[in-house]
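Assemble chain W onto chain E, guided by the hints.
Going down the list, the sequences are from chains E and W.
Count the first sequence with my numbering and you get residues 65 to 310, in order.
Count the second sequence with my numbering and you get residues 65 to 156, in order.
Derived by calculation from the structure, the hints in this document are not laboratory data.
It is possible that part of the hints are untrue.
One side only, chain E facing chain W, incomplete, derived with CB under 7 Å [unchecked claim]:
no. : residue
1   : G104
2   : F196
3   : A217
4   : M218
5   : E222
6   : Y240
7   : P241
8   : D242
With beta-carbon atoms standing in for the labels, derived distance ranges [said to hold, decoys possible]:
no. : chain 1 : residue 1 : chain 2 : residue 2 : range
9   : W       : K93       : E       : R164      : 42 to 52 Å
10  : W       : Q95       : E       : V82       : 38 to 48 Å
11  : E       : R290      : W       : S107      : 24 to 34 Å
12  : W       : G144      : E       : M185      : 46 to 56 Å
13  : W       : Q95       : E       : E66       : 50 to 60 Å
14  : E       : T296      : W       : K91       : 25 to 35 Å
15  : E       : M65       : W       : S107      : 56 to 66 Å
16  : E       : M65       : W       : D84       : 49 to 59 Å
17  : E       : T296      : W       : K119      : 25 to 35 Å
18  : W       : L140      : E       : G210      : 30 to 40 Å
19  : E       : G86       : W       : K119      : 48 to 58 Å
20  : W       : K91       : E       : N136      : 44 to 54 Å
21  : E       : M65       : W       : E137      : 44 to 54 Å
22  : W       : Q95       : E       : T296      : 45 to 55 Å
Quantities reported herein were computed from a predicted structural model and do not represent experimental measurements.
Backbone N, C-alpha and C define an ideal beta-carbon position, used for all residues, glycine too.
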Amino acid sequence: MEKLTKEELAIYEWQLDVPGHGIEGQTKLKNSSVLISRCGGLGSVVAYELAAAGIGTLILAHAGNVKHSDLNRQLLMTQDWLGKPRIESVERRLKELNPRLNIISVPENIDEANVAKLVGMADVIVGAAPLFEERFLMNREAVKQGKPLVDCAMFELEAQITTIIPGETPCLSCLYPDNPVAWKRKFPVFGAVSGTIACLGAMEAIKIISGFGEPLTNKLHTMDLRSMDFQTINIQKRKDCKICGN
Amino acid sequence: MTVKLRFTAQLKDAAGVGSDQMELLEKEKIQSFLKRTVDKYGSTYGNILFDEKGKFRHSNLIVVNLVQANYDENILLNDGDELMVLSPVSGG
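Okay, chain E solo, but in the shape it has when bound:
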């Protein structure tokens, strides 16, 4: 395991004193890798916060080029990168913050062809994808490979998050055993909403890796930033789950 350098001790000084984290936890972050599926409104802030916290390696998967409509929330995209590959902007912006960060950029979205390999490269996965198909793929592979998965999602001013530990908690298919019919791909969104849930997602990944605090295992946390309602729901495995059930 690589030790922290003098520079890193100085940069992370203010988080080393977080009870339960310390140099040991920070060293774990440095030597860990996180896969983030898509770096849009949600994923870009997860990536940014993990880069700021000192994660060693980020594996980032996101296809497509920067569009105007990305810029209200996808904080790793910039005006001067319009029309150019998103993943390049992501890598550039993260390196500005943390040049020590090892980034494995994949200009593709998670699909059947790449999911096993990408999940295999990571210690923890953060799901920030807008499509159920991608989320179900990551869930299936996370369960198969025994990797923790922080699943984040949002809709308008609402958002939700849960942390899936294969074998211990419900998986995504326990929560959604049927394919959703009513879900809409495009919805109104402020960056502050995706940013809020993204920060929670980053913190979940940090807690899992460092080993302190209480991740949202067996819990689904929901929020509505219109009404400022926050709820934590106790969730359960399905015995007949087609992915993780007996």
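Quick look at chain W alone, frame taken from chain E:
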């Protein structure tokens, strides 16, 4: 007797409200109660909750007093219970 209701995302849009309350019948269980919510909130809401054959769509999460409930277990509801019905969300 009443049950407090909460909806999220598309169910909230379809119902027209995020929270409400509805009368609970004597010894009423969750399946009967949810079917009656369709009478109150209409067919758009109903189509998210149930398929064309009237079968519950398990992509919706039912939560009673902040604990996930299984539609098929058809638990008894009590006066003052809070019932959340969450339609699935996916966006990033």
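Tested hints:
With a least beta-carbon distance of about 5 Å to chain W, the hint placing G104 of chain E at the interface is held under the 7 Å criterion. A least Cβ separation of about 5 Å between F196 of chain E and chain W falls short of the 7 Å threshold, and the interface hint therefore holds. Given hint, A217 of chain E at the interface with chain W, holds; its Cβ is 5 Å from that chain's nearest Cβ, closer than 7 Å. Because the beta carbon of M218 of chain E sits about 5 Å from the nearest beta carbon in chain W, less than 7 Å, this interface hint is met.
Evaluation of the E222 of chain E hint against chain W yields a held restraint, the C-beta minimum of about 6 Å falling below 7 Å. The criterion of a C-beta within 7 Å of any C-beta in chain W is met by Y240 of chain E, whose closest approach is roughly 5 Å, and the hint holds. Against a cut-off of 7 Å between C-beta atoms, the interface hint on P241 of chain E holds, since the closest Cβ of chain W lies about 5 Å away. Among the interface hints, the one on D242 of chain E holds; its C-beta lies about 4 Å from the nearest C-beta in chain W, closer than the 7 Å criterion.
Separated by about 58 Å at the C-beta atoms, K93 of chain W and R164 of chain E break the suggested range of 42 to 52 Å. Separation of Q95 of chain W from V82 of chain E is about 47 Å and conforms to the stated range, judged on CB atoms against 38 to 48 Å. Between R290 of chain E and S107 of chain W the CB atoms are about 25 Å apart, so this pair conforms to the stated range of 24 to 34 Å. In this structure the supplied range 46 to 56 Å holds for G144 of chain W paired with M185 of chain E, their Cβ-Cβ distance being about 50 Å.
A hinted range of 50 to 60 Å holds for the C-beta pair Q95 of chain W and E66 of chain E, which are about 56 Å apart. For T296 of chain E and K91 of chain W, the hinted distance range of 25 to 35 Å is satisfied, since their beta carbons lie about 30 Å from each other. Here the CB-CB span from M65 of chain E to S107 of chain W is close to 59 Å, well matched to the stated 56 to 66 Å. For M65 of chain E and D84 of chain W, the hinted distance range of 49 to 59 Å is satisfied, since their beta carbons lie about 54 Å from each other.
Hint check: T296 of chain E to K119 of chain W, Cβ distance near 30 Å, so the stated range 25 to 35 Å holds. About 38 Å separates the C-beta atoms of L140 of chain W and G210 of chain E, a value consistent with the hinted range of 30 to 40 Å. Taking 48 to 58 Å as the suggested C-beta distance range, the pair G86 of chain E and K119 of chain W conforms, at roughly 52 Å. Range check, K91 of chain W to N136 of chain E: about 50 Å between beta-carbon atoms, so the 44 to 54 Å window is met.
In this structure the hint that M65 of chain E and E137 of chain W lie 44 to 54 Å apart at CB holds, the actual value being about 47 Å. Our hint of 45 to 55 Å for Q95 of chain W and T296 of chain E is violated, since their Cβ atoms are close to 26 Å apart.
Going down the numbered hints, you'll see the structure goes against 9, 22, while the others check out.
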